[in-house]
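Q: In case you want the letters, here they are:
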Amino acid sequence: MSTIKALVVDDSKIMRSQVKRALDQLMIAEFEYEDAMDGQDALEKFNDDIEILFVDWNMPKMTGVEFARAIRDKGYDKIPIIMVTAEKSMGKVDKALTEGGANEYITKPFTADKMLKAVSRYIDDKGQIIKEEEEQEEKKSFFSSILKS
Amino acid sequence: MITEELKKAVHIPEQIVEIVKESVINTFESISGEAPVYSDYAEPDGPLNGMIGNIAVFNPDITFSLMLAIPKETAVSLSEVFIGMELPFESDDMGDLIGEIANILAGDVAANIEQVGFRGQSSLPTATRGSDLTLFMPNKPPTVKMKFDSANGEFLLTMAMSESR
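Sequences listed follow chains Z and Y, in order. Position 140 of the first sequence, counted from 1, bears residue number 516 in our numbering, the numbering being contiguous throughout. Position 43 of the second sequence, counted from 1, bears residue number 1124 in our numbering, the numbering being contiguous throughout.
Honestly, the hints are just simulated from the structure, not real lab data. Since we're looking at a predicted model, the values are computed, not measured. Just so it is clear, CB atoms sit at the ideal spot from N, CA and C, and this is done for glycine as well. Wrong hints could be hidden among the right ones.
To be verified - Covered by chain Y, according to a simulated footprint, are these stretches of chain Z (three or more residues, beta-carbon under 8 Å):
#1 387-394
#2 405-417
#3 452-465
This is chain Y alone, in the form it adopts within the complex (with noise of 0.2 Å):
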């Protein structure tokens, strides 16, 4: 039934949005101890120097993207209170762990999205580490941008909706 309906959407419905931003929450405060603090996005996309987390939640007709842009400084803290040490940024170590959180992440949303009714399940997680980064999709797809400030620094996170393939 949800299906039917996302298919449909031109935006991703609030109901989903909401519940993701709890996933995030959720998430990293279960990582920290500490509930990092939603606000609203407004800049447009600066270039990140730091790491990017990709994952996505599907079913057969629907997938969603989570992108999770975390910069550098808020990467090696979140090692930190997660392995309880300091992983080199550069480290295979560090693209392992962001890939991690959002395994993490993916797994709140799918167990989350499917008290609404929809029933999918989770990619394998890939991590990408640069500078200058910018996240481009070219299909222009529902896209939802939003923006965390924690204890251990801010970090974005990007929800894109789109038709399975």
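Only chain Z is shown next, with the shape it has when bound in the complex (with noise of 0.2 Å):
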């Protein structure tokens, strides 16, 4: 299994620790992680070797909404990025998506199944990322019909 480098986006330790445990309990993929403390420290931390980004809403210096924005703006159009946040209007939700081009939204606090949820059509059976916005549908497809049986 090869390893997919994750960055963790997070002024909260603890939470950057809750993200990366939920991800290794998956048992999905092998994961190596960077952590960053807020968007303006991930902006510094992000090189082309990240391949997925959890990220947080509410930080200091510069939101996950505005990073998110920042990598897409960058060119950065198929790297999956995963808010996980407190932040639950839908507005919020709706903003962090169109806006700041999220692929994915997890509110706090959160539970495997959700983060299964999230992430699950973006990793291939062999634990690398699925790069293909095809292959992550069948893949999101696949999964919904095992989550509802």
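Bring the two chains, given one by one in their own frames, into a single complex with the hints.
A: Dropping the structure here:
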């Protein structure tokens, strides 16, 4: 199994640990983590090796949505961005997905199920990131049918 | 519309109080799996030996300050259900955890009061640890105190409403 490089962005160390713990518990891939404490720190740590992003919203210096937008504006339009946040109003969800260009939205506190639902479409059976949108859609349908049954 | 009403209000409207109460119950239930029970707050404030998680939900006109007062034993117990292990009360991680709980609560409050027309956003949380802590608000804004009993111990929420500055 190859390793997926994930950048976990949250100003709370506890929440960064929770995200990593949940991902490790899923056992669908092996992850190698880089931590960032806010959007600005994340922009500095982001590089071409990073394959998936887990991003909080409410952080000092630069919010998660601003960071997500900055990544999309740099031309990284295929890297999955998973918002993991306490913000749960529909307006905020919509803003993260449209303005920020995030792919998924998980509200805190989250369960392993929520995390699985959010990331499963982006990871193939070999534990590698799926980059093509069409394949992501196929994986999403497959997982939806499993989770329903 | 509701902002104009709130500016003139002498007390925090009951509708808002109920929404916040529900948010507290939902937040702690989602963390621990068991809903805390609201109990009427009758006795005066005693000094707290524990943590206070502070956060605000605000718009340009009105600020709701939320202060979660969590006794030491409750905080330690909550750390076990939240992260699967007891955190030392004196650790930085404990402050981080209580701030995050306040953050999750504020997210729920912001989403729910939006449904009655108050569109606000959350501030960043802060956490204070100490003994003999007493909450004191010099300008005496409209304030509501709520007490909750949970499987992890009791805790208090003080909510104050003031004009944003």
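Q: Which hints from the list above does the structure break, by number from lowest to highest?
A: Number 2 only.
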